[in-house]
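Read left to right, the sequence shown gives residues 1 to 171 (my numbering).
FYI, nobody ran anything at the bench for these hints, they're computed from the structure.
Since this is a predicted model, take the numbers as computed values, not measurements.
For every residue, glycine included, the Cβ atom is placed at its ideal position computed from N, Cα and C.
Warning: the hint list may mix true and false statements.
Said to hold, decoys possible - List time: in silico DSSO-like cross-link candidates among lysine-lysine, alpha-carbon distance up to 30 Å: (1) LYS136 <-> LYS151; (2) LYS168 <-> LYS108; (3) LYS161 <-> LYS136; (4) LYS106 <-> LYS168; (5) LYS161 <-> LYS151; (6) LYS61 <-> LYS89; (7) LYS161 <-> LYS89; (8) LYS100 <-> LYS23; (9) LYS136 <-> LYS108; (10) LYS103 <-> LYS69; (11) LYS136 <-> LYS103; (12) LYS93 <-> LYS106; (13) LYS69 <-> LYS93; (14) LYS100 <-> LYS89; (15) LYS151 <-> LYS93; (16) LYS168 <-> LYS93; (17) LYS141 <-> LYS84; (18) LYS84 <-> LYS103; (19) LYS91 <-> LYS23; (20) LYS84 <-> LYS150; (21) LYS69 <-> LYS106.
To be verified - Cβ pair distances, simulated, as ranges: (22) ASN90 <-> ALA153: 55 to 63 Å; (23) GLN52 <-> ASN81: 23 to 31 Å; (24) LYS151 <-> GLU97: 20 to 28 Å; (25) ILE104 <-> ALA146: 29 to 37 Å.
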Amino acid sequence: SDVYKRQMEIEAKTYTEEIVRLKSLLETSFRQRDFYMKNDDLNTLEQRFYNQNIELEALRKENSDLMAKIRMYQDDLNNLNALKDLQDKNKEKQNVEMQKLRKIIKEKERMIENLHVQMHQVVQGTESKKIIVKDKEPEIKKQFEAELGKKDAEIRSLEQKLAEANQKCQV
1 SDVYKRQMEI EAKTYTEEIV RLKSLLETSF RQRDFYMKND DLNTLEQRFY
51 NQNIELEALR KENSDLMAKI RMYQDDLNNL NALKDLQDKN KEKQNVEMQK
101 LRKIIKEKER MIENLHVQMH QVVQGTESKK IIVKDKEPEI KKQFEAELGK
151 KDAEIRSLEQ KLAEANQKCQ V
């Protein structure tokens, strides 16, 4: 065991001496290399390093600018999508409103047609009873004209609403 310890100590001392020797040799080679390196080479290396730093900063700035533009375009895209969704909803509502107005107009037109038919029947039925109806004719005519006037006003109102709805759809 003592022999083994002694052998280890000698080996450790040998390795330590070899490390010192190699370290000294390495330092000497670095000194020689630095000595032989020309001043121009150092300036060239410094200039290249400086240029690379400038390019790196420019690329960082360009990257930052591009990221800002991407965020801006993404915001614009989100806003446009929201606006499109809103327009689609409004158009859908306007279409529903226009369908309702068209139904109302058709119903009013049927009512007017029925009144025309009734008036025609009244006129035909009254020809045989002209004397009796002649007394009531102004009253019936007045009622009919009043009813017809109301229906015409309703139709104009509905047509105006339909025109407004069509204009909104075109926008």
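Right, here's what the structure says about each hint:
Proposed proximity of LYS136 and LYS151 is supported: the alpha carbons are some 22 Å apart, at most 30 Å. Restraint check: the Cα-Cα separation between LYS168 and LYS108 comes to about 24 Å, which is no more than 30 Å; the hinted pair holds. For the proposed pair LYS161 and LYS136, the alpha carbon gap of about 37 Å is over 30 Å, so the pair is violated. With a C-alpha separation of about 22 Å, the suggested pair LYS106 and LYS168 falls inside the 30 Å cut-off, and the hint holds.
Using a Cα cut-off of 30 Å, the hinted pair LYS161 and LYS151 holds, with the two alpha carbons roughly 15 Å apart. Distance check on the hinted pair: LYS61 and LYS89 sit about 42 Å apart at the alpha-carbon level, beyond 30 Å; violated. A hinted pair counts as satisfied when its Cα atoms are at most 30 Å apart, and LYS161 with LYS89 qualifies at roughly 19 Å. Proximity of LYS100 to LYS23 is assessed by CA-CA distance (about 97 Å); at most 30 Å being required, the pair is judged violated.
Distance restraint check for LYS136 and LYS108: the Cα-Cα separation of roughly 26 Å lies within the 30 Å cut-off, and the hinted pair is therefore satisfied. In summary, the hint linking LYS103 to LYS69 is not supported, as the alpha carbons are separated by about 51 Å, beyond the 30 Å threshold. Under the criterion of a C-alpha separation no larger than 30 Å, the hint pairing LYS136 with LYS103 is inconsistent with the structure, at around 35 Å. With a CA separation close to 20 Å, the supplied pair LYS93 and LYS106 stays within the 30 Å bound.
Restraint check: the Cα-Cα separation between LYS69 and LYS93 comes to about 36 Å, which exceeds 30 Å; the hinted pair is violated. Straight-line distance between C-alpha atoms of LYS100 and LYS89 comes to about 17 Å, which keeps the hinted pair within the 30 Å bound. Taking the CA atoms of LYS151 and LYS93, the gap is near 26 Å; set against the 30 Å cutoff, the hint holds. This hinted pair checks out: LYS168 and LYS93 have alpha carbons roughly 11 Å apart, not beyond 30 Å.
Distance hint between LYS141 and LYS84 is unfulfilled; the C-alpha atoms sit about 54 Å from each other, more than 30 Å. Restraint check: the Cα-Cα separation between LYS84 and LYS103 comes to about 29 Å, which is no more than 30 Å; the hinted pair holds. Among the hinted pairs, LYS91 with LYS23 is inconsistent with the structure: their alpha-carbon atoms are about 84 Å apart, more than 30 Å. Taken as a hint, the LYS84 and LYS150 pair is broken in the structure, with Cα atoms around 41 Å apart against an allowance of 30 Å.
Taking the CA atoms of LYS69 and LYS106, the gap is about 54 Å. The hint is violated against a cut of 30 Å. Between ASN90 and ALA153 the CB atoms are about 29 Å apart, so this pair departs from the stated range of 55 to 63 Å. Between GLN52 and ASN81 the Cβ separation comes to about 43 Å, which falls outside the hinted range of 23 to 31 Å. Against the hinted window of 20 to 28 Å, the Cβ-Cβ separation of LYS151 and GLU97 comes to about 21 Å, which satisfies the hint.
Separation of ILE104 from ALA146 is about 21 Å and departs from the stated range, judged on CB atoms against 29 to 37 Å.
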